[in-house]
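Colleague: Chain F: place on chain S using the hints.
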Amino acid sequence: MAKNGIRPNSSTVSSDARPVLYSYCHSSCSWRVRIALGLKKIPYDINAISLRKTEAAHAYTNQYRELNPMQQVPTLQIDGQTLCDSVAIMHYLEETRPEHPILPKDPIKRAKVREIVQIICSGIQPLQNSSVLAHLGKEKSTEWAQHWISRGFRALEQVLSKSSGKYCVADEISMADCCLVPQVFNARRYHVNLDPYPTILRLDKHLGSIETFLDCHPHNQPDYPKNTK
Amino acid sequence: MSAEKPVLYSYCFSSCSWRVRIALGLKKIPYEIKALSLTKTDAEHCYTNEYRELNPMQQVPTLHIDGQTLCDSVAIMHYLEETRPEHPLLPKDPIKRAKVREIVEIICSGIQPLQNTGVMDHVGKETNVEWAQHWISRGFQGLEKVLSASAGKYCVDDEITMADCCLVPQVFNARIYKVDLSPYPTLLRIDEALAKNPIIIDCHPKNQPDYAEHNK
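Chains as they are written, first to last, in my numbering: chain S, 1 to 229; chain F, 1001 to 1216.
Isolated chain F (complex conformation):
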């Protein structure tokens, strides 16, 4: 494996980048951030041909690690888990692993893609908040039901997993779009527990090197 420190292309407010920041933090893998914006008018953004060579979907995150370039937060989290098994983010039991992955996919396929920057721009300012609220609420209804059966202290039992890495950023987004979260007590309870974790606090958008630039 390469001895270079991993480099994470990340945008402070990108929930996909945030998932990976949490995973790297929980697995105690030191890394550097290369901040990239999702706005074309910013100095360093995702829509250059150069970045497209690294990440064909022109999204964040991208992770340089072990001499390789990896794309997609779920693929990256699994790679970290498979190459650095200390501080595991998946349980050992296959049924519980399936539960973690179900939760990961509810968020990463069922909710977030429907309210990401590209889709929100395409839907347009007039209706996109209502759009985001609709899909987040729909997804959270399903998610609350899953979590009410699976959760202990965290999404699946009492150990933090990839599911928790995905939950925190999605709840943040839900708040940005003023989704009413009162129908989802299990989700809120878990989010509150995770919000106290110092590693997760470090990964919050407001603690990122590019936050000041984007929070004007």
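Chain S on its own, in the form it takes in the complex:
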């Protein structure tokens, strides 16, 4: 079981230390990296950080801001370094640990993976993350989230209907799949009607049955409320 609380001094983390992922069970950005680490079979520890100020260990302390200036999760301590942002982290893992690749070799297919990653990571998720929804307030936030998720999924469905095979791009799992599953979970959370997106649903169903994806699910995280008692 991983400890809660923040490691006080990231510079004392040695290159040989097991990677530490600052992760929040409900954060889709953290979930993407949990999946990537799992797919690449990289063992790691979780340091649970909440996005709620009322929790004991949360992202809004000065201490955590020293690790992650955007005060977001995930942050990954690996190879003696502190890395921020899920897309940057996934690329770092890919470039330093090329076994079990999460990008295809062909540059055009890589561009397609990245297009899908960005549709989700720039085009959808930032518009429904916890800060934005908190800013909008409870009354407006669900409708807002539904609007932007639907808009993004409409485009994503069109892209995936052409690019997908067994996975988002052809038949090899990639970063795109790491991003898709958490976003579909969010869509369900906000009661988005997913009927217009059969390719998204097919891919999500298939990915959701893979053991690595199941292990990384919010409900299986050490900080998921039912697991902390």
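Partner residues are not named here, just some residues of chain F that face chain S (Cβ under 10 angstroms, in silico):
1. Asp-1072
2. Thr-1083
3. Arg-1097
4. Val-1100
5. Ile-1103
6. Ser-1109
7. Gln-1112
8. Glu-1144
DSS-like mimics (lysine-lysine), calculated; alpha carbons at most 27 angstroms apart, straight line:
9. F:Lys-1028 / F:Lys-1005
10. F:Lys-1096 / S:Lys-41
11. S:Lys-109 / F:Lys-1092
12. F:Lys-1027 / S:Lys-105
13. F:Lys-1005 / S:Lys-105
14. F:Lys-1005 / S:Lys-109
15. S:Lys-40 / F:Lys-1092
16. F:Lys-1005 / S:Lys-162
17. F:Lys-1027 / F:Lys-1092
18. S:Lys-109 / F:Lys-1027
19. F:Lys-1125 / S:Lys-140
20. S:Lys-109 / F:Lys-1096
21. S:Lys-109 / F:Lys-1028
Simulated DEER-style distance windows between Cβ atoms:
22. S:Asp-215 / F:Arg-1175: 41 to 51 angstroms
23. S:Asp-215 / F:Lys-1028: 41 to 51 angstroms
24. F:Asp-1066 / S:Asp-171: 22 to 32 angstroms
It should be emphasised that the hints constitute simulated quantities derived from the structure, not laboratory data.
The beta carbon of each residue, even a glycine, is placed where N, CA and C say it ideally should be.
Modeller: Same frame as chain S, now just chain F:
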């Protein structure tokens, strides 16, 4: 690879298009512009079914290159880097590459999407400037902290990277929305250095073929 000159669908004021114009310029890749507007009342705009076939998000930029159609500025910049490695836009070291990408994502995911045309229209004229100022300031606070540790002459050390391609358009947007930039000295210093680069000057909205039409 196809011998045709690449074609960039671009809107002069689109920061996403501008990033790619800078990347193409820095990598000395000649290209043509097909100007597209983000306003439905203009003659050539993004919201046609025809354009949706090229770019399902109905956004700019789109790049025709090597016989392919590529969407999304970050995906496009990486494709250019991987197929045309001369005049690199990423460092060699994986940690520094991670830093460049962190900065790219702070801007491309953390700031710009919250103040793009679609969102600003949706938020509405009464409150959208305050909205844009809020999210740009919040993002710049984080970005200033990152840059104060990573920057040399440019965002990461002393070579121009994708991070710089993203920074220039975002600072321009911040000025449009009258964000107070005095709390961000590192960001301002880098922007000033980049603004002197002749390639970056060429890519400025005011030097685009569709500028006159949109600057009435």
